Structure formats: C-alpha cells, structure tokens
Amino acid sequence: MFTGIVEEVGEIVDVRQDDEVVVLTVRGPKVSADAAHGDSIAVNGCCLTVIDDEGVSGDQFRVEVVPETLRRTALGSVVAGSKVNLERALPAGGRLGGHIVQGHVDGVGVLVSRTPGERSDEVRFSLPGTLSRYVVEKGSIAVDGVSLTVAGTDPETFTVALIPTTLADTTLGTRRPGDTVNLEVDIVAKYVERLSADYLGGSGGEARIQ
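Here the numbering used here is used: the first residue of the sequence shown is 6, the next is one more, and so on.
Because the hints were derived from the structure by calculation, they are not lab data. Fair warning: this is a prediction, and the values are worked out from it, not measured in the lab. There could be a bad hint or two in this list.
Here are the computed distance ranges between Cβ atoms for each label pair [said to hold, decoys possible]: (1) K143 with R181: 22 to 28 angstroms; (2) A41 with K88: 21 to 27 angstroms; (3) R138 with G99: 37 to 43 angstroms; (4) K195 with D39: 29 to 35 angstroms.
Don't be surprised by glycine CBs; every beta carbon is placed ideally from N, CA and C.
Between the sequences and the hints, there should be enough to build the whole structure, so can you do that?
Below, the structure is given as structure tokens:
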C-alpha cells in the first residue's frame with residue numbers, strides 16, 4: 006500500500022524488451038537506498054516489484070512491466086530520460102499522509118488544460134467514463150501516483166489545484182496538455198459500490214424492496 010506522497014522524482018535509465026515483458030531501469034537514489042528483491046515501489050502510481058538483477062548501481066533499481074500493466078497504464082510510453090514519480094510501500098506504523106493508494110491503476114487520463122496562477126496551477130484531466138462515478142468534489146484521486154484533492158468534476162473531466170510543493174516535487178509540475186497520466190480512484194468508493202449493489206435499485210440508487 007502507498008499514500009500518494011511522492012518521495013522523489015526519478016529517471017528512466019533504460020527500457021529493455023525481454024520477450025513480452027518490458028524491463029525498466031530506474032534511477033532514484035532515495036528509494037534505491039534500501040530497495041531489495043521483491044520490494045514494491047510505485048512508479049508513476051503503478052505498483053511494481055523490484056527484481057534482483059546484476060549490473061545495477063546503488064542509486065538504481067529494476068522492475069518488470071507485464072503486458073497487462075502496459076495495456077492498462079501509461080507506462081508503455083516511457084523512454085530513457087523520462088521523469089517518474091517514485092514512492093516506496095508504506096511501512097507498518099507509517100504515516101498515511103495522503104490517502105489509501107494501492108498502486109493498481111484504474112485508467113489513463115489526458116491532461117486537457119492548465120491554468121497557471123501566481124503560485125499554484127489549476128489542471129484539468131480527462132476521465133474515462135467508467136471511472137466518473139467514483140470521483141467526487143473534495144474526494145481523493147491519485148494522478149501518476151500523486152495524492153490529490155478533486156476541486157471539481159463533470160461527466161468527462163475533473164480538476165485539481167496543484168500547490169507549490171506538488172509543482173516542485175513531482176512530475177505534475179512539468180506536465181503539458183496532451184500528456185497521458187495514470188489514474189487511481191478511491192478504493193473505498195469501489196468497495197462501497199460493490200457491497201451495496203444488492204441493496205440498491207435503479208439509476209437513482211433507491212433501496213430495493215426485498
């Protein structure tokens with residue numbers, strides 16, 4: 006589990022195809038310091054497993070990206086030199102500074118517009134229709150692994166306000182219209198929907214008479 010509080014911005018050093026799997030070498034001195042085989046690290050919000058591979062320097066780690074992840078995320082577009090948000094898994098007893106983030110990407114969005122302010126930016130992203138019901142104003146969403154508060158929504162997009170720290174310490178500070186991002190909606194909303202499905206009626210959500 007993660008929190009959506011990015012620890013550092015890393016860099017893709019190498020992208021290598023190994024049969025159907027893509028092997029990424031990522032430079033991130035902070036998260037690599039104690040990375041070991043089998044550890045989980047979120048790369049742009051995708052939970053990936055560190056592999057024990059020879060020839061990796063102390064400030065780097067390697068992960069494998071399977072076809073399922075490539076289909077469902079924006080990781081297929083990264084190249085050597087791409088900047089990525091990195092976060093290690095939350096330790097037991099650690100602080101949940103953002104919100105509960107699994108690192109299981111629900112869909113891919115596109116940065117639609119960006120309105121710079123004096124110190125903060127308002128950014129609008131497209132939202133796949135299947136995810137819109139899980140995104141509410143003042144709720145939480147993870148964008149490329151960054152825990153954000155939703156400022157506004159409509160059926161096809163949502164807006165967030167990026168504070169100076171987020172602009173400086175994550176890749177969202179340099180994202181531009183047309184860029185794709187990984188989206189993970191609040192897991193609590195999905196569980197509530199699933200658990201209440203047998204008790205709800207039609208589209209209005211009224212209780213079903215048993």
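Numbers of the earlier hints that this structure fails to satisfy, in rising order: 3
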